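Chemist: Sequence order for the protein chains is A and B. The letter at position 171 of the first sequence is residue 171 when you use our numbering, and the numbering goes up by one with no holes. In our numbering, each residue carries its 1-based index in the second sequence increased by 201.
If you are wondering where the hints come from, they were derived from the structure by calculation, not from laboratory data. None of these values were measured; they are calculated from a predicted model. You may find that some hints are simply not true.
Said to hold, decoys possible - Not the full set, but computed from the structure, chain A residues with beta-carbon under 8 Å of chain B: (1) Tyr18; (2) Val115; (3) Val116; (4) Gly121; (5) Arg123; (6) Asp125; (7) Thr128; (8) Ala134; (9) Ala135; (10) Gln138; (11) Ala145; (12) Ala147; (13) Val158; (14) Pro163.
Unchecked claim - Label-pair distances were calculated between CB atoms; the ranges are: (15) Glu195(A) x Val208(B): 46 to 54 Å; (16) Ser19(A) x Leu206(B): 33 to 41 Å; (17) Glu195(A) x Ala225(B): 36 to 44 Å; (18) Lys222(B) x Ala93(A): 39 to 47 Å; (19) Ala39(A) x Val210(B): 27 to 35 Å; (20) Asn42(A) x Val210(B): 23 to 31 Å; (21) Leu206(B) x Gln197(A): 36 to 44 Å; (22) Ser198(A) x Ala215(B): 46 to 54 Å; (23) Leu204(B) x Ala186(A): 43 to 51 Å; (24) Ile171(A) x Leu211(B): 17 to 25 Å; (25) Val210(B) x Ala186(A): 15 to 23 Å; (26) Val214(B) x Val85(A): 39 to 47 Å.
Cβ coordinates follow ideal geometry from the N, Cα and C atoms, glycine included.
Chain by chain, the residues run as shown.
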Amino acid sequence: MSSTAVNVARKSSVNFHYSWRDTAIVLALGLVAGLANTATGNVWFLANERLGPLGGALLQGGFMWAYILVMWLVRKPGCALALGVIETALEIALGNSAGMTTLGWGITQGLGVEVVLALSGYRFDILTALCAGAAASQFGTTWTAIAFGWTPASALDVWKAVPINLVSGAILSGLLGFMLAYGLEAIAASMREGEDQSAVP
Amino acid sequence: MGLYLSVNVLLLVALGYLARKAGAKQAALKVTDR
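Build the full structure now, drawing on both the sequences and the hints.
Modeler: This is the structure:
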């Protein structure tokens with residue numbers, strides 16, 4: 001296994017101290033995710049309106065890739081929740097049709113990632129990423145159920161959507177976020193190597 | 202709705218423990234490999 005792979009998969013201890021670099025990463029990724037999710041949100045609203053909870057579940061997983069990415073880059077408790085609040089606040093500012101309700105998704109999706117990471121003992125391996133993506137996807141849907149007045153007692157589709165949400169979140173957020181973190185760390189490592197080599201006389 | 206919310210909270214906790222248990226198992230396997 002390369003040193004980069006080891007870096008991505010390593011187990012790190014809990015550290016609440018946020019550096020300026022960490023804060024900048026959370027803020028920048030929050031803004032990028034807010035922009036991307038505004039576009040994804042429009043497609044999600046269409047799918048949810050046409051196909052109901054099952055249609056929404058297919059795309060639900062596509063919202064949390066940045067939550068996983070920021071957690072794997074910053075590796076500090078609270079960064080996924082902070083990113084969720086920032087990205088949904090931007091979505092509101094950009095005119096998400098759900099209005100202030102959007103903030104609820106940021107909080108529930110962020111909490112999904114935070115709880116799984118905390119319970120895993122902050123293990124930064126691929127299985128944790130898949131579990132965190134799946135959890136965030138499904139936990140975010142609980143907010144959809146509350147906000148949209150779904151009735152799980154009578155609507156079977158709400159229950160059928162659960163496994164679709166889990167798979168969609170695991171792949172579109174967990175796997176994608178992990179791969180992006182892996183790629184970014186590889187690029188950063190090769191840039192550092194290049195700098196070191198050019199510094200040698 | 203109460204049942205739905207309870208199932209979702211349980212799922213969240215179950216996924217966290219799955220990540221913990223599987224991670225611990227992997228770490229144990231790595232130690233055995235050495």
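Chemist: Hint by hint, say whether it matches the structure.
Modeler: Hints versus structure:
For Tyr18(A), the shortest C-beta to C-beta distance to chain B is roughly 23 Å, which exceeds 8 Å, and the interface hint is violated. With its C-beta approaching chain B no nearer than about 5 Å, Val115(A) sits inside the 8 Å limit, and its interface hint holds. A cut of 8 Å between beta carbons decides the hint on Val116(A): the least distance to chain B is about 4 Å, and the hint holds. Among the interface hints, the one on Gly121(A) holds; its C-beta lies about 6 Å from the nearest C-beta in chain B, closer than the 8 Å criterion.
With its C-beta approaching chain B no nearer than about 4 Å, Arg123(A) sits inside the 8 Å limit, and its interface hint holds. With a cut of 8 Å, the hint placing Asp125(A) at the interface with chain B holds, because the nearest CB-to-CB distance is about 6 Å. A least Cβ separation of about 4 Å between Thr128(A) and chain B falls short of the 8 Å threshold, and the interface hint therefore holds. A distance limit of 8 Å between C-beta atoms decides the matter here; for Ala134(A) the minimum to chain B is near 6 Å, and the interface restraint holds.
For Ala135(A), the shortest C-beta to C-beta distance to chain B is roughly 4 Å, which falls under 8 Å, so the interface hint holds. With a cut of 8 Å, the hint placing Gln138(A) at the interface with chain B holds, because the nearest CB-to-CB distance is about 6 Å. For Ala145(A), the interface hint holds, the least distance from its beta-carbon to any beta-carbon of chain B being 6 Å, beneath 8 Å. Violation of the interface hint for Ala147(A) is found here, the shortest Cβ-Cβ separation to chain B being roughly 12 Å, above the 8 Å cut-off.
Taken as an interface hint, Val158(A) checks out: its beta carbon lies about 7 Å from the nearest beta carbon of chain B, inside 8 Å. At its closest, the beta carbon of Pro163(A) sits 10 Å from a beta carbon of chain B; the interface hint therefore is violated under the 8 Å criterion. At about 51 Å, the CB distance of Glu195(A) to Val208(B) agrees with the hint of 46 to 54 Å. Distance hint check: the CB atoms of Ser19(A) and Leu206(B) are about 37 Å apart, consistent with the given range 33 to 41 Å.
Evaluation of the 36 to 44 Å hint for Glu195(A) and Ala225(B) yields a pass: the beta carbon distance comes to about 37 Å. For Lys222(B) and Ala93(A), the hinted distance range of 39 to 47 Å is satisfied, since their beta carbons lie about 41 Å from each other. Against the hinted window of 27 to 35 Å, the Cβ-Cβ separation of Ala39(A) and Val210(B) comes to about 31 Å, which satisfies the hint. At about 30 Å, the CB distance of Asn42(A) to Val210(B) agrees with the hint of 23 to 31 Å.
Taking the beta carbon of each, Leu206(B) and Gln197(A) are about 56 Å apart, not inside 36 to 44 Å as hinted. The hinted range of 46 to 54 Å is satisfied by Ser198(A) and Ala215(B), whose Cβ atoms lie roughly 50 Å apart. The supplied range of 43 to 51 Å is met by Leu204(B) and Ala186(A), whose beta-carbon atoms lie about 45 Å from each other. In this structure the hint that Ile171(A) and Leu211(B) lie 17 to 25 Å apart at CB holds, the actual value being about 22 Å.
The beta-carbon spacing between Val210(B) and Ala186(A), approximately 37 Å, falls outside the hinted interval of 15 to 23 Å. Distance hint for Val214(B) and Val85(A): a CB-CB separation of about 23 Å, inconsistent with the stated range 39 to 47 Å.
When each numbered hint is compared with the structure, violations occur for hints 1, 12, 14, 21, 25, 26.
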